[in-house]
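Listed below, chain by chain, are the residues.
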Amino acid sequence: MSKVIKILGTGCPKCKSMTNVVKDVVKEHNIDATIDKVEDIMEIMKFNIMTTPALVIDDVVTIKGRVPSKDEVLKLLN
Amino acid sequence: MFNWLQHFADWFIYSVLSIGAETHLGVALNFFVYDTLKILILLFVIVFIMGIVNAYFPIERLKDYLNKKKLYGLEYFFSSIFGAITPFCSCSSVPLFIGFVQGGIPLGVTFSFLITSPLVNEVAVAMFIGMFGVKATLIYVASGILLGTIGGWLLGKFNLEPLLSDWVKQILENKMQQAQFEEEHKTFYQRLPEITNGAWDIVKSVLLYVIIGIAIGAAMHGYVPENFFSAYLGGGEWWTVPIAVLVAVPMYANAAGIVPVIQVFVAKGVPLGTAIAFMMATVGLSIPEATLLKKVMSLKLIAIFFGVITLCIILSGYVFNILL
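Heads up: the sequence lines are chains X and L, in that order. Residues in the first sequence are numbered consecutively from 1, following the UniProt record's numbering. Residues in the second sequence are numbered consecutively from 1, following the UniProt record's numbering.
Keep in mind that a hint or two might mislead.
As the list claims (entries may be wrong) - As a list, the in silico BS3-like pairs of lysine-lysine whose alpha-carbon atoms are at most 25 Å apart:
hint, chain 1, residue 1, chain 2, residue 2
1, X, Lys37, L, Lys294
2, L, Lys204, X, Lys70
3, L, Lys68, X, Lys64
4, X, Lys46, L, Lys169
5, X, Lys64, L, Lys204
6, L, Lys204, X, Lys16
7, L, Lys295, X, Lys37
8, X, Lys16, L, Lys295
9, L, Lys295, X, Lys6
Rather than coming from a laboratory, the hints here were simulated on the basis of the structure.
Between the sequences and the hints, there should be enough to build the whole structure, so can you do that?
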């Protein structure tokens, strides 16, 4: 089943590097997933987080406030 | 502590590049190489230490602490300290603000956090130690925390809740269920790579500002005449502090870029208090910050917030000039 990945962040440098990490992992491992960047603060706050960037996989917040490594993202997606 | 670096800079500029120690260029380059290396080492060490601290005191836990403990007025002080130890990214200020308010923390206490967070952070501390030494750094940190405490307490005296944006008020009314914070159980060694990477990321992200700041500083060292600023800014007249602060409020520069520049101000005769007030107004208040806050509060509230903080910074500038 296709996964829905959301990256929450208002556009700071860290949010961009998280997006790149996630995109790379999805591409390298041919993971069936859609990546959605959520930049609207009102949308972001619905996820009840206090630090950006945050990684949301199928509506579950998995990482917040830091940039994960590729291995970490891969594990979370499997 | 940094003697070996000075030796390295001397050797590199005077021997390897064979630029004379008596030339303007030689002096400026030596200053630049020495300062840049020193600052980068300090920056990495301090960012790394703060990374360890933050791994053990995540923001959610701090919020819970502020919320659950009865602190009898000390909550402003604690909130301000938490603002100092957590890393600051301007893009996180809005989510943090909402998270705090939503978690039931009074607006004034939230402001304490919001005021201190950009003022006192690992980058500012590293730059300050490198440029002004430990004593001035301690004064800067203490006054940043005090400023947040007093500013937040003052703002807490007004009835500001009605001035929040409508959607924030809605969130408050709905009292959305708070996600419980689950702690990650990891050993220190498991966290270490993550902390090291985080520290590198922060150093990398400010590297350019550090180099530009030091380059401007080095150039000013060489070419701005002695006592040039004191002729305009440093005579100690009462109006110099408010002017320095008012000029700095709309501007934004991060601590990494501004400290080397104000170091030159001080070297050329501006009183340290005036320089620190200038710096606080630059990093703490700015138009970009106001634009971000516009999403969660009305213009009136932003104006009150900026007004109170500006006043506090001006007062602290006077206090410094008397004390230092």
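Quick rundown of the hints versus the structure:
no., hint, verdict
1, Lys37/X / Lys294/L, "holds (22 Å)"
2, Lys204/L / Lys70/X, "holds (19 Å)"
3, Lys68/L / Lys64/X, "holds (23 Å)"
4, Lys46/X / Lys169/L, "holds (14 Å)"
5, Lys64/X / Lys204/L, "holds (21 Å)"
6, Lys204/L / Lys16/X, "holds (15 Å)"
7, Lys295/L / Lys37/X, "holds (19 Å)"
8, Lys16/X / Lys295/L, "holds (21 Å)"
9, Lys295/L / Lys6/X, "holds (22 Å)"
Every hint, counting from the list given before, is met by this structure.
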